[in-house]
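There are 2 protein chains.
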Amino acid sequence: MSHGTDLPARDHAAQDVHAPGAARIVISVDAMGGDRGPAAVVAGLVASAAKNHDIAFILHGDEALLAPLVARRKQLAGRCEIRHAPRVVTMSDKPSQVMRHGEGTSMWSCIDAVKKGEATVAVSCGNTGALMALSMIRLRKLPGVNRPAIACLWPSRNPGGFNVMLDVGADIKADAEDFLQYATMGASYARNGLHLDRPRVGLLNVGTEEHKGRAELKLAHDMIAASALTGDFEFVGFVEGGDIPGNRCDVIVTDGFTGNIALKTGEGTAKLISDFLKEAFNATFLSKIAALLALTSLKRLQKRIDPRRVNGGVFLGLNGTVVKSHGSADATGVSAAIKLAFQLAKSGFNDRLAARVATAGRAGQDAPRDEATRTEATRIEARNGTTE
Amino acid sequence: MSHGTDLPARDHAAQDVHAPGAARIVISVDAMGGDRGPAAVVAGLVASAAKNHDIAFILHGDEALLAPLVARRKQLAGRCEIRHAPRVVTMSDKPSQVMRHGEGTSMWSCIDAVKKGEATVAVSCGNTGALMALSMIRLRKLPGVNRPAIACLWPSRNPGGFNVMLDVGADIKADAEDFLQYATMGASYARNGLHLDRPRVGLLNVGTEEHKGRAELKLAHDMIAASALTGDFEFVGFVEGGDIPGNRCDVIVTDGFTGNIALKTGEGTAKLISDFLKEAFNATFLSKIAALLALTSLKRLQKRIDPRRVNGGVFLGLNGTVVKSHGSADATGVSAAIKLAFQLAKSGFNDRLAARVATAGRAGQDAPRDEATRTEATRIEARNGTTE
Numbered sequence: 046m047s048h049g050t051d052l053p054a055r056d057h058a059a060q061d062v063h064a065p066g067a068a069r070i071v072i073s074v075d076a077m078g079g080d081r082g083p084a085a086v087v088a089g090l091v092a093s094a095a096k097n098h099d100i101a102f103i104l105h106g107d108e109a110l111l112a113p114l115v116a117r118r119k120q121l122a123g124r125c126e127i128r129h130a131p132r133v134v135t136m137s138d139k140p141s142q143v144m145r146h147g148e149g150t151s152m153w154s155c156i157d158a159v160k161k162g163e164a165t166v167a168v169s170c171g172n173t174g175a176l177m178a179l180s181m182i183r184l185r186k187l188p189g190v191n192r193p194a195i196a197c198l199w200p201s202r203n204p205g206g207f208n209v210m211l212d213v214g215a216d217i218k219a220d221a222e223d224f225l226q227y228a229t230m231g232a233s234y235a236r237n238g239l240h241l242d243r244p245r246v247g248l249l250n251v252g253t254e255e256h257k258g259r260a261e262l263k264l265a266h267d268m269i270a271a272s273a274l275t276g277d278f279e280f281v282g283f284v285e286g287g288d289i290p291g292n293r294c295d296v297i298v299t300d301g302f303t304g305n306i307a308l309k310t311g312e313g314t315a316k317l318i319s320d321f322l323k324e325a326f327n328a329t330f331l332s333k334i335a336a337l338l339a340l341t342s343l344k345r346l347q348k349r350i351d352p353r354r355v356n357g358g359v360f361l362g363l364n365g366t367v368v369k370s371h372g373s374a375d376a377t378g379v380s381a382a383i384k385l386a387f388q389l390a391k392s393g394f395n396d397r398l399a400a401r402v403a404t405a406g407r408a409g410q411d412a413p414r415d416e417a418t419r420t421e422a423t424r425i426e427a428r429n430g431t432t433e
Numbered sequence: 046m047s048h049g050t051d052l053p054a055r056d057h058a059a060q061d062v063h064a065p066g067a068a069r070i071v072i073s074v075d076a077m078g079g080d081r082g083p084a085a086v087v088a089g090l091v092a093s094a095a096k097n098h099d100i101a102f103i104l105h106g107d108e109a110l111l112a113p114l115v116a117r118r119k120q121l122a123g124r125c126e127i128r129h130a131p132r133v134v135t136m137s138d139k140p141s142q143v144m145r146h147g148e149g150t151s152m153w154s155c156i157d158a159v160k161k162g163e164a165t166v167a168v169s170c171g172n173t174g175a176l177m178a179l180s181m182i183r184l185r186k187l188p189g190v191n192r193p194a195i196a197c198l199w200p201s202r203n204p205g206g207f208n209v210m211l212d213v214g215a216d217i218k219a220d221a222e223d224f225l226q227y228a229t230m231g232a233s234y235a236r237n238g239l240h241l242d243r244p245r246v247g248l249l250n251v252g253t254e255e256h257k258g259r260a261e262l263k264l265a266h267d268m269i270a271a272s273a274l275t276g277d278f279e280f281v282g283f284v285e286g287g288d289i290p291g292n293r294c295d296v297i298v299t300d301g302f303t304g305n306i307a308l309k310t311g312e313g314t315a316k317l318i319s320d321f322l323k324e325a326f327n328a329t330f331l332s333k334i335a336a337l338l339a340l341t342s343l344k345r346l347q348k349r350i351d352p353r354r355v356n357g358g359v360f361l362g363l364n365g366t367v368v369k370s371h372g373s374a375d376a377t378g379v380s381a382a383i384k385l386a387f388q389l390a391k392s393g394f395n396d397r398l399a400a401r402v403a404t405a406g407r408a409g410q411d412a413p414r415d416e417a418t419r420t421e422a423t424r425i426e427a428r429n430g431t432t433e
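Residue numbers (this note's numbering), protein chains in the order written: chain A, 46 to 433; chain B, 46 to 433.
Bear in mind the hints are in silico, worked out from the structure with no lab data behind them. All figures in this text were calculated on a predicted structure; none of them were measured in a lab. Heads up, some of the hints might be wrong.
[What the hints assert, rightly or not] Restricting the straight-line Cα-Cα distance to at most 30 Å, the calculated cross-link-like pairs of lysine-lysine (BS3-like) are:
hint, chain 1, residue 1, chain 2, residue 2
1, B, Lys-96, B, Lys-119
2, A, Lys-263, B, Lys-96
3, B, Lys-139, A, Lys-257
Please work from the sequences and hints to get the whole structure.
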């Protein structure tokens, strides 16, 4: 496949972005494939529509199911177009099958609306692997990107309350040049999603000393350090697992295997402590009264660590933005994913990201700093010709 | 190097184990190299000695520093021998240097006491890489073990309150046969450390479906499944990050890179939430009163998730047990590591582990079930001849 010929209609996106309020930003939403079914998704749209007047939806799925769900919600009147798709991608479908036979599914239709420029960002609660596979073949990779990545937000000690981590599951491996692209893309996401002028990027490893870790990480360390100036980020070097929720950096770069396990470990630990906390407050009569007294404070804590509030992995490195919501997302979760999609659409994020990747690519080709950078550019070109 | 010639004096260990109370169990403790210095270590010994009359210590480090610290603690009178070691392994020392020039350090002396059979288990708060390197060259690997592993305990939803995870940082990579050995060794640790008759073992991956993950994980999946009966454990298949603090299994098997990052991510997340909780209770006058009312319950929660209470990574796969305490351990942390060392010494753990590994090895050689098992046995033998 070739790159750079059929980018999604940028003029359309630009119009939405640069005239907020004048035109509504359209989000393409997959109604099917989540664990809680289309009712939870529609409830999420309602919550978002109620809070935000600049948003509209194209909703993809079984029209016979969706039409009555949408019709009885007056907040969605005139703001939610239903697009019929007869088939559904299930959680057990293999990505390779969906890639070949995905046409006619709500997920395919959802991505296609972004490809055609009818919507700026796509949101789905469905099968992650299938969603990435369909996004890759329909939207295609940005020129210069070898492996797209999934970026997530993570509650942290930083003033803004969140860090960005990528990749958290697009691919199970990454080479040094992929890590460099993750750094560039993650920094761009942090600039647009977290409003940080010059994000601090860290490379995840088992120690902060430069001699530690796998060979590809040591190579990536030097490549990222050499690109920090061009990429407009600060490179803090190696970081450890404890820095993911910390304040040493804003963007954590890792491979999709490690990132996915770290993400699920963090979520599992937060859930465990939250459940222990509930047990602790139910333990005695006094502790129950205490819970009542501390209700407001505890609710604020709950909100800070509630994974539903940071729901939404963003696929980076494609010609269009796709937000992957948790499969088990309820209305609150879906609404959070839509809010993220809206923010990214409004900031014109994907165009900015594309420009950054292009600049990084040109910097690498025109003025290679060392052998590593030269090798990287060559390998990316070699791969782009063969991987799709 | 050859195996199987100079095992540590097992008779000595067996004597301690089988006559509790009759002879004290001796723990070898490195007083130096931790972030808080020897005073914290000595305070930890005092806490352990006060709670447990069946324990005695050999303490390694600068005698001029240690003698006055020990002399003013009457709980240690007659139970703590000081062994002078003029040098200290620092946190920044490279393992390769320590391997070559480690003689005369307190860490070397600490491990040597186990090698000589004077103590049953060694405990150190020092540099992990150096401790593993010295343990490898002084104690040597158990016959049949390719890569030793570090196992940690992890707060979980299981009835006993903890899961075992390994490897959490002995090596940055692992092959399929290493994963199989980790499963065998982890199950043995869970039987002796957590008193589970038939531990459930899970293999950490990015999904539970059998087609997911890296090639070596798919191979390991089949090898571990085939060895579950011999190894006296139940294999639950692939598990995810969320299962590390969960109750789907008791033992989580992973490579040292992923395990180290998961461990530190979990610790960092727990610390973040704990700090947020403190902030929440300090937010208002009412919430401060609430905190007072809930004090007992909150202290119980704190205890359940306090990383100091589960302090101690255990090195598995060597001719002798070594417990690595956190570098930043205070008296509570050191005491927890010593308690773990004592429990393992009392159960005769290392002899049992050696027997399990030997059985697994024989099972693989005498009655290979399939090609994978045969290949594994061959590769282990090939490696054991070359890696040391």
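Hints, one by one, checked against the model:
1. With a CA separation close to 14 Å, the supplied pair Lys-96(B) and Lys-119(B) stays within the 30 Å bound.
2. Restraint check for Lys-263(A) and Lys-96(B): not satisfied, since their Cα atoms lie roughly 47 Å apart, outside the 30 Å limit.
3. As the CA atoms of Lys-139(B) and Lys-257(A) are separated by approximately 10 Å, the hinted pair is consistent with the 30 Å bound.
Taken one by one, the earlier hints fail for this structure only at number 2.
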